[in-house]
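Undergrad: Based on the hints, put chain B in the right spot on chain A.
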Amino acid sequence: MKSRRTFIAKTAGMTLAISIQPAVLFAQIPNDSLEVLVRAYVGDATMREARVKLDVAPLVDNGNSVPVEITVDSPMTANDHVIGIALFNEKNPQHNVAEFTLSPRAGRARVTTRIRLSSTQKLVAVAKMNDGRCFTHTVEVLVTLAACIEE
Amino acid sequence: MARALITLPVHIKRGDTIEIRALIAHPMETGYRRSNEGAMLSRNLIRNFDCQFESSGKAAETFFSANLHAAIAANPYLAFSFIAAENGTLIFKWLGDEGFNQTERRTLKIA
Numbered sequence: 000m001k002s003r004r005t006f007i008a009k010t011a012g013m014t015l016a017i018s019i020q021p022a023v024l025f026a027q028i029p030n031d032s033l034e035v036l037v038r039a040y041v042g043d044a045t046m047r048e049a050r051v052k053l054d055v056a057p058l059v060d061n062g063n064s065v066p067v068e069i070t071v072d073s074p075m076t077a078n079d080h081v082i083g084i085a086l087f088n089e090k091n092p093q094h095n096v097a098e099f100t101l102s103p104r105a106g107r108a109r110v111t112t113r114i115r116l117s118s119t120q121k122l123v124a125v126a127k128m129n130d131g132r133c134f135t136h137t138v139e140v141l142v143t144l145a146a147c148i149e150e
Numbered sequence: 000m001a002r003a004l005i006t007l008p009v010h011i012k013r014g015d016t017i018e019i020r021a022l023i024a025h026p027m028e029t030g031y032r033r034s035n036e037g038a039m040l041s042r043n044l045i046r047n048f049d050c051q052f053e054s055s056g057k058a059a060e061t062f063f064s065a066n067l068h069a070a071i072a073a074n075p076y077l078a079f080s081f082i083a084a085e086n087g088t089l090i091f092k093w094l095g096d097e098g099f100n101q102t103e104r105r106t107l108k109i110a
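Residue numbers (numbering that gives the first Met the number 0), protein chains in the order written: chain A, 0 to 150; chain B, 0 to 110.
Pulled out of the complex, with its shape left as it was, chain A reads as follows (with noise of 0.2 Å):
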C-alpha cells in the first residue's frame, strides 16, 4: 500500500514535469503566441489602451502591401518621450511585424511603413515610453486578397 502511494506521487510529479517542459522550451521559439510576444515586448508594466493611434484602412483589398501609421500622442521632449514602437499581427505565419526604436530627436511619435497581411485579422500595436509606461491599440482589419499566395 505504502509503495503504491509513493509510486504514483512519484509518476504525478514526473508527469507535471514532463508537461511543464515543452511550454518552457516553446517560449523560446520566436513563432510564440501574440499575447506572449506582447507581454515580452512589455515586461512587467501594464498596458492601456490610450494615447496610441494605429491608422489602417479597415478594409483591404491586398494583402501584400498594406499602408499602417502608428502615432503616439507624447511631446518627445528629454523626459518625456517614447522609446519603443512595435507592431504584432494575429494571423500571419510569425506574429511579430516590426520594433521601431525612438530618441527624442525624432520629435514627434509617427511612423509609417508597409505591411504584409495572410488573412482577416487583428492588429496590436504596443508604445513604450521612457518612464515604463506602455500603451496599446488594438485594430481589426478585414483582408479580401491574402499576402502569402503563390504567383
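To be clear, the hints were calculated from the coordinates, so they are not data collected in a lab.
There could be a bad hint or two in this list.
[As the list claims (entries may be wrong)] Here are the simulated lysine-lysine pairs, DSSO-like style, with alpha carbons at most 30 Å apart:
#	chain 1	residue 1	chain 2	residue 2
1	B	K92	A	K52
2	B	K12	B	K57
3	B	K108	B	K92
4	B	K12	B	K108
5	A	K52	B	K12
6	B	K92	B	K57
TA: Below, chain B alone, put in the same frame as chain A:
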C-alpha cells in the same frame, strides 16, 4: 547596390520637425513561399534599419531604428520624423540576410 529612394522636404527651417521617407528595393522573401517548381524559397529579409544624424564635430547619433520581420512588405518603406536643428548629414543603414548591407547619405541643409 539596391536602389534606395530617400525623400526630405525641399525647404527646411531651423527647428522644423521634418518627415523623412526611406524606401529600398528588396524582395523581402519571407521563407514561407514556394517557387513554381515547388522548392521552398529561402528567407531573404532586411532585418535592421538605422538612421543617424551627424553634424560637424559631433559623433553620429542614432535617432530612429527598426527591426523588421517577414510581415514587412517587399521594398520596405519607412517614414519617420526628425528635428532639424542644425546642418549635417543623415546616414541611412540597412542590414539583412545574405550579407545585405547598404549605407546612404543625404545632406541636411537648413534654409
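Undergrad: Given the hint that A:K52 pairs with B:K12, test it: the Cα-Cα distance must not exceed 30 Å.
TA: holds, 28 Å
Undergrad: Check whether the Cα positions of B:K92 and A:K52 lie no farther apart than 30 Å.
TA: holds, 27 Å
Undergrad: Would you mind confirming whether the straight-line C-alpha gap from B:K12 to B:K108 stays at or under 30 Å?
TA: holds, 9 Å
Undergrad: For the pair supplied as a hint, B:K108 and B:K92, is the alpha-carbon distance within the 30 Å limit?
TA: Given that 30 Å is the threshold and the Cα spacing comes to 20 Å, the pair holds.
Undergrad: B:K92 and B:K57: Cα distance at most 30 Å?
TA: holds, 19 Å
Undergrad: Within a Cα-Cα threshold of 30 Å, do B:K12 and B:K57 meet the stated pairing?
TA: holds, 21 Å
Of the hints listed earlier, there is not a single one the structure fails to meet.
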